[in-house]
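*Asks:* Listed below, chain by chain, are the residues.
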Amino acid sequence: MPQNEHIELFQKRYGRRLDHEERQRKKEARSVHKKAEYAQKALGIKGKLYAKKRYAEKVQMKKTLAMHAESDGKRRSNEEPKKGAIPAYLLDREQASRSKVLSNTVKQKRKEKAGKWEVPLPKVRPIAEEEVFKVLRSGKRKRKQWKRMITKATFVGQSFTRKPPKYERFIRPTGLRFTKAHVTHPELKTTFCLEIIGVKKNPNGQTMTQMGVITKGTVIEVNVSELGLVTPGGKVVWGKYAQVTNNPENDGCINAVLLV
Amino acid sequence: MPVYNFKALPTVPSASDLLDVVLSKTQRQTPTVVRGKWQISRIRQFYMRKVKYTQQTFHDKLGKVLDSFPKLDDIHPFYSDLMNVLYDRDHYKLALGQIHTAVGLIDKIAKDYVRLLKYGDSLYRCKQLKKAALGRMCTLMKKQKASLVYLEQVRQHMSRLPSIDPNTRTLLVCGYPNVGKSSFMNTVTRADVEVEPYAFTTKSLYVGHMDFKYLRWQVIDTPGILDRPLETRNTIEMQSITALAHLRAVILYIVDISEQCGYTIAQQAALFHSIKPLFANKPLLVVCNKTDAQAMEDLPQKSKDLLEEMKKAADMNCAGLTASMVVDSSSADGGLVTMSTLKEDGVSDVKNKACEMLLMSRVDQKLKTRKTNDVLNRLHVALPSTGVRAPNIPKSVLANAKAGYPKSERKTEKDLQEENGGAGVYSMDVRKNYLLEKDEWKYDKIPEIFDGHNVADFVDPDIEERLAELEREEEAMLQEEENQMDEESEDDLTAEEKQTLKKIRAKKSKIIMDHRKKKQKGQGSAHIARKHDTERRLTSRRMRDELGEMGVDASAAIERNRGRSVTRRGKKRALEDDEDMEGRSKSRSKSRSAVLGRTHSSKSRSRSRGPSVAHSAEPGSGFKHSAQKMKAQILSDKMQRKMQKLARKGEGDRIIPNEMPKHLFSGKRGIGKTDRR
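The listed protein sequences derive, respectively, from chains C and F. The opening residue of the first sequence carries number 1 in UniProt numbering; numbering runs sequentially from there. The opening residue of the second sequence carries number 1 in UniProt numbering; numbering runs sequentially from there.
Hints are computed from structural coordinates only; laboratory data are not their basis. Glycine included, every Cβ here is placed at the ideal spot set by N, Cα and C. Wrong hints could be hidden among the right ones.
Said to hold, decoys possible - Label pairs and their in silico Cβ distance ranges: (1) P164(C) with I656(F): 36 to 46 Å; (2) Q56(F) with T174(C): 17 to 27 Å; (3) T30(F) with Y50(C): 16 to 26 Å; (4) R16(C) with D107(F): 42 to 52 Å; (5) P277(F) with E226(C): 48 to 58 Å; (6) E131(C) with T11(F): 48 to 58 Å.
Input sequences plus hints: build the corresponding full structure.
*Replies:* Written as structure tokens, this is what we have:
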């Protein structure tokens, strides 16, 4: 015991007060009411946070209770089948009780198996050109409207240099250029921050692909040399395709799933 | 010199608490209402502010933690080693380093997202970006959960560390477990350390304070040490090793000669020799404890030899420090220092001896430094001259003292009191000591009130002088007045003349009064507006009367005054009169109309000409002929007209009295003109 722990020292020397246990018990018993009172009284963001916390606790408790109940149910379902004829509409009940027995882990595994063969994002929302290209007015009187600025995330190759302003029809602002993507390997269940090599295909059209616009569902090529993947022939793979799963312009980052 | 007070470290919030605090602060301190119809730049700014504010709050909160925790490289080596032992240096540094990195990352995230927000083109997108930014910051902080928890624990432990000053006078008590270190501490100081009859009762460093030679001393009680290699020692032992290694203190190595602690004297001696390197450069004292259980004399010779050997080693250790101390410690008792903490036997001797040793060594060390020479050069200790310095008593006093003092003749007040009935009865005569001009005045009666005046008010030591002075002054003034009166006395006037003088004066004063009144009304100008003349006194009739009274003929003046309102007909007549007058008088008092008439008109001139002045160009006036002069006159009149209309002081006056007249600049503009609203 360090030198300055006076309370502990006192308790060690002289013990606690005689009704300490009783007080503790009562305090604990009262705590439920206290919490409930606070939950009703708390206002604003504090109230919200507290309610959320309590809700999460309750859910957790119900889940654990349910788990216990399930294990109980398992035992019950193992009962001997009743003798004699049973009407068809009662047969189903037994079946149901058995299905309940299946543990959550099995369900999880099934789900995973099903998901494995799905294409990550089969459908995407079509994006209008108006949304992607913002018209910039130019000229002394701002009358000319032939310039466009791309308002989505873009990938621009390293060797790219901008054209002179007179000929530059599409502007890809540097603030929205991305060079890296968070790529998830679906089998390894891990995510890597990988460099983008290029945009393979944007579902919204050829122009978008050429422009290097990255929207949700775009297939990009990423540099996977860090992962150390090897082809059956023994060569190191360094470029692989991945599909973007988020809206990069809204999230400020690119998340993608590796296509294996 | 830094002060080691770790009690004031601010609490380190847990990760979830920190998030709640920071996010709710952002919610509270930044605006919360945003509308989609706002200008996009305003919406962007609204969300940028949120992102930046959150980042700043994180930065401040974590920065405070980083600043307050001590840097292991900066603090005293004793503390840095102690913290290494207690909290593991690497772990500590790693935790702080991770927090530091997190701060940097949060700053970077904020910067990135603020840049992205600049391209946000809708409220929805800006909001999503803000959400992503805050989310990423929070995720980062959640990953620092373990570091924050660790730092909070370290803080709590550090705040309970005893406040050891590594540079002050210190006694350091060490030895095997259960040899009586803590009991020594308890007897010497008021620290109230736990003492139990088992090993490792003391598990950390304890500090107590005591007084010796009016100085404050710090006593440090260390946990027991076992004799084993350094690598295998546990945290508890390492604390005492740290203290031994880094504190410049006198070390009391306590040996239990009764061997009740479970270790033989041989074992204790072995430990002493194995940790000897730690004692280098420090005064060292071997103390034999528990003499109540085992007398020193009854020890077997073998043990005695061991103790002697330790003693010798200790002396050798001290010999390196000062020459004087060896002499002192060996001559003190020639043997070992013994005590019994149970019976409190010899404890104070041990204390005194240890303190003396440390003081001496500290002084010696100070003397060895270069600084002392600088100070010594400037010091001069003045010593009294040798020889007898007896007190100087005058001879007469000595003679008197021998012969006895003669009895004084004078009667003191006390003597009088004794004669006249003692204290309380006798009242002292105050008046007999009065200093007055004559002695017989001493007992005169003085009234308090005389002629209705308080006598005390007039008592003034130099009243006579001042009175005399006043009288002289008055006399002088009277004299002067008399002289003046002599010069202009009215006495030689007749009664009639006096009457006239009176009249004259009255008149004079009246005139002055009137003039003043007039001046007030007319505000200094000669003319007085008719409206001010309420009594209708400024009439020409009155003027005539009054001037007539004074013997002045005012008829001409009145005529001139009247001339203005006279009809043409009347004027004509006046002209004729004037012609008659021309021959007779050429007096200057001619009415204006008369003058005008004469300059302009000959009899042949037609009536239509207006009364204009001076048409002929005088030579030297710069005009060729009268026509030119007239033209100039007209032009200047024209100029004047405009200036006067606008109330200008002159050509240079371009002031605009009201730049924005209210009536022209307020209200709605309808179909009318701008100058009429």
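*Asks:* If a hint holds in the structure, say so; if it doesn't, say that too.
*Replies:* Hints and how they fare:
1. P164(C) with I656(F): 36 to 46 Å: violated, 54 Å
2. Q56(F) with T174(C): 17 to 27 Å: Roughly 25 Å apart at Cβ, these two residues keep to the hinted range, so it holds.
3. T30(F) with Y50(C): 16 to 26 Å: Distance hint for T30(F), Y50(C) holds at roughly 22 Å.
4. R16(C) with D107(F): 42 to 52 Å: holds, 49 Å
5. P277(F) with E226(C): 48 to 58 Å: holds, 51 Å
6. E131(C) with T11(F): 48 to 58 Å: Taking Cβ atoms as reference, E131(C) and T11(F) lie about 49 Å apart, which means the hint holds.
Going through the hint list in order, the structure does not satisfy hint 1, though it satisfies all others.
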